[in-house]
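Chemist: Order-wise, the sequence lines are chains A and B.
Taking this note's numbering, the leading residue of the first sequence gets 1, the next gets one more, and so forth.
Taking this note's numbering, the leading residue of the second sequence gets 1, the next gets one more, and so forth.
To be clear, the hints were calculated from the coordinates, so they are not data collected in a lab.
Don't take each hint at face value.
Computed list of lysine-lysine pairs in DSS-like fashion (alpha-carbon distance at most 27 Å, straight line) [what the hints assert, rightly or not]:
no.	chain 1	residue 1	chain 2	residue 2
1	A	K441	B	K34
2	B	K179	A	K429
3	A	K274	A	K63
4	B	K34	A	K429
5	B	K78	A	K441
6	A	K349	B	K60
7	A	K112	A	K88
8	B	K206	B	K34
9	A	K441	B	K131
Here is how the chains run, residue by residue.
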Amino acid sequence: MWDLLRVALRNVGRNKRRSLITAITVFIGVLVIAGTRGLLNGLQGEIRSALTQKMHGDLQLHKAGYQDSIDASPYKVMFRFDDALQQKLRDTPGVVAWSPRLRVLGLLNHQKSQTTVPVMIQAFDSVAETAVCPRLPASIVQGGMLVSGTERMEQVQRDDDLAEAQPFDPGKKTRPKSLLNTSGQHQILVTPGLFRGFEAAIGDEVVLLLQDKNNMQQAVVAQIAGVLDYGLPNAQNRLIWMDAGTLARTLSLGDEISELAISIDKNATAEDMKPLLQARVGNTLVAETYLDITGFLRDAMTLQNVIFNAIVVIMFLIVVAAIVNTSLMTVMERTREIGTLMALGYQRKHILFLFLIESAAIGLSGGVAALIAVAAGIAYLGQTGMQFVLPGQTDATVLHPYVSVLFLSMVLALALLSAVIAAFLPAYKASHMRPVEALSKS
Amino acid sequence: MTDHTVVLRNVSKIYRQNSLAVHALTDINLDIPKQDFACLSGPSGSGKSTLLNLIGGLDKPSSGEISVDGQRVDQLGKSELAQLRLRKIGFVFQAYNLIPVLNARENVEFVMQLQGMAADERGDKAMQILKEVGLEGLENRRPGELSGGQQQRVAVARAIVSEPSLVLADEPTANLDSKTATALMEMLVHMNQEHHVTFIFSTHDKLVMDFSRRLIQLRDGKIVEDLRQS
Numbered sequence: 001m002w003d004l005l006r007v008a009l010r011n012v013g014r015n016k017r018r019s020l021i022t023a024i025t026v027f028i029g030v031l032v033i034a035g036t037r038g039l040l041n042g043l044q045g046e047i048r049s050a051l052t053q054k055m056h057g058d059l060q061l062h063k064a065g066y067q068d069s070i071d072a073s074p075y076k077v078m079f080r081f082d083d084a085l086q087q088k089l090r091d092t093p094g095v096v097a098w099s100p101r102l103r104v105l106g107l108l109n110h111q112k113s114q115t116t117v118p119v120m121i122q123a124f125d126s127v128a129e130t131a132v133c134p135r136l137p138a139s140i141v142q143g144g145m146l147v148s149g150t151e152r153m154e155q156v157q158r159d160d161d162l163a164e165a166q167p168f169d170p171g172k173k174t175r176p177k178s179l180l181n182t183s184g185q186h187q188i189l190v191t192p193g194l195f196r197g198f199e200a201a202i203g204d205e206v207v208l209l210l211q212d213k214n215n216m217q218q219a220v221v222a223q224i225a226g227v228l229d230y231g232l233p234n235a236q237n238r239l240i241w242m243d244a245g246t247l248a249r250t251l252s253l254g255d256e257i258s259e260l261a262i263s264i265d266k267n268a269t270a271e272d273m274k275p276l277l278q279a280r281v282g283n284t285l286v287a288e289t290y291l292d293i294t295g296f297l298r299d300a301m302t303l304q305n306v307i308f309n310a311i312v313v314i315m316f317l318i319v320v321a322a323i324v325n326t327s328l329m330t331v332m333e334r335t336r337e338i339g340t341l342m343a344l345g346y347q348r349k350h351i352l353f354l355f356l357i358e359s360a361a362i363g364l365s366g367g368v369a370a371l372i373a374v375a376a377g378i379a380y381l382g383q384t385g386m387q388f389v390l391p392g393q394t395d396a397t398v399l400h401p402y403v404s405v406l407f408l409s410m411v412l413a414l415a416l417l418s419a420v421i422a423a424f425l426p427a428y429k430a431s432h433m434r435p436v437e438a439l440s441k442s
Numbered sequence: 001m002t003d004h005t006v007v008l009r010n011v012s013k014i015y016r017q018n019s020l021a022v023h024a025l026t027d028i029n030l031d032i033p034k035q036d037f038a039c040l041s042g043p044s045g046s047g048k049s050t051l052l053n054l055i056g057g058l059d060k061p062s063s064g065e066i067s068v069d070g071q072r073v074d075q076l077g078k079s080e081l082a083q084l085r086l087r088k089i090g091f092v093f094q095a096y097n098l099i100p101v102l103n104a105r106e107n108v109e110f111v112m113q114l115q116g117m118a119a120d121e122r123g124d125k126a127m128q129i130l131k132e133v134g135l136e137g138l139e140n141r142r143p144g145e146l147s148g149g150q151q152q153r154v155a156v157a158r159a160i161v162s163e164p165s166l167v168l169a170d171e172p173t174a175n176l177d178s179k180t181a182t183a184l185m186e187m188l189v190h191m192n193q194e195h196h197v198t199f200i201f202s203t204h205d206k207l208v209m210d211f212s213r214r215l216i217q218l219r220d221g222k223i224v225e226d227l228r229q230s
């Protein structure tokens, strides 16, 4: 076997230019496949990260029928966020944090422009929400984050303590913050679309008109604290965010919530955690992954993968065609040598293996060189990041391409396999020559 | 029968070209005793190369029996023929047919390696035979770095190093000048005598005929003369 290997490897270097061209074809094929996968991983990773860390969390718990009813009848799909549910979450391995949310419909009146629009209101506690969606604060493009209800209570307490310690002086122009907070100055975040539409400014006063479960009209006076842009395609435009405690008190919801966003351990996957969580919470609630919630993105990512697979097939065919061509030429040129080898005692299998090894060596050299280049390039880009504008976005996103060692190994195996498959027919032809005919070729 | 390295009985070879049947060899009967130094001669198309190919198991006869060292060549399968060639027959070709990516020593070792001989043993044997054919010091040169005569010496060394029963040489001097050809033939005579190897040549070359102890003349696929020379 070693003599076969030695002869085969030396033969690769015999026609250097041809071997090099074939190896370059393999190099390009592997480079395109592994490079594209790296970029796609970066893109999909960014989409996944944006979805889970800005918007949805890794998983959500809903009442059955949530997706169908939330826009029309939000109160119908609310459920209790009680101690028992919290205990179940605490008892589920892999669950790291959770954020109870409310989603109701309302009318938003911008005082300055005297404009009123229907909006979907999403309410959360900013501390809990940030624990589940750590990239949310970075999505606030103007102004600042909502002050958490919990923080506010502490702040009110602090301000009240301060007011007690320092008696109110009517000569001073500033008033203690507790007075500001208790005088209806709640905060909301708005989408860029609403902000532009209202021609609003940070700090503008708005009035939220809401209908509670008993069909009683409620109003909340608030100020625009910031502009939140998820930076994701298909994001809703008429959406505002406010503190969950404020909304729950206004609508007398008690411990009822619309959805529970959950973040999981880094080493776990949402798909794996979903059945675990579902088993814990029972049949009254439905566990859904971020991809279940955003079906269009699942479809988009599936489409991306289909296109990628098509690229793999095309590159595979190009590489195979190049190697078939090289192998056929090699067999034609070395016909007499094949005859000599047969005369000296080589059997058909030796001839077959000789040409397969030669082809595999070319495939391997091109493949390994490409993988080194891809690994180095992706490691560099993974560190520095790539500015990239996602579809539907105007602002650039920083992608961090990556590929797994397993994928690189698979690509290398594919390069090797394609080289062997491509060389098989010419090698078979060579091995089935009649020695006397092969020797008679000039 | 066992005193003969090669025995041919009623051997014919017919090639089909479209609907035409070309009789390359007709009813050949031939005995080549051990350690013979025989030469097949005749004009182009007389069938000498065909006969050599049939004896070497490179081609199959259309009819008749061929035995090499007591083994019926015409009845062997492809794999068994390959084993026969590996173990019992050495080939020397007109164009040397060395493996271009191997140096002289590796070319000589090639057959022994296929036979499964240990590296040390085959290395020693290769160096010894290269010394015997006058190529000491050139063992690391590849075929492209050797002259025609030197390449043919490597080919001879490769053919006899594994001590086959029979060496078949097809026009071994055709590409050599007369001085080199004479030296080569002297070397082959020496090998024949020292290594007790049977040689069969096919040639047009008068020089080869002069060196041969037996001259077999072919014409139109038939043996027309079979002479013993002193």
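Chemist: Please go over all the hints and tell whether each is borne out by the structure.
Modeler: Verification of the hints:
1. K441(A) <-> K34(B): 32 Å, violated
2. K179(B) <-> K429(A): 41 Å, violated
3. K274(A) <-> K63(A): 15 Å, holds
4. K34(B) <-> K429(A): Violated, because 37 Å separates the two Cα atoms, which is more than 27 Å.
5. K78(B) <-> K441(A): 20 Å, holds
6. K349(A) <-> K60(B): 20 Å, holds
7. K112(A) <-> K88(A): Since the Cα atoms of K112(A) and K88(A) sit roughly 47 Å apart, the hinted pair is violated (cutoff 27 Å).
8. K206(B) <-> K34(B): 24 Å, holds
9. K441(A) <-> K131(B): Not satisfied, since the Cα-Cα distance of roughly 32 Å exceeds 27 Å.
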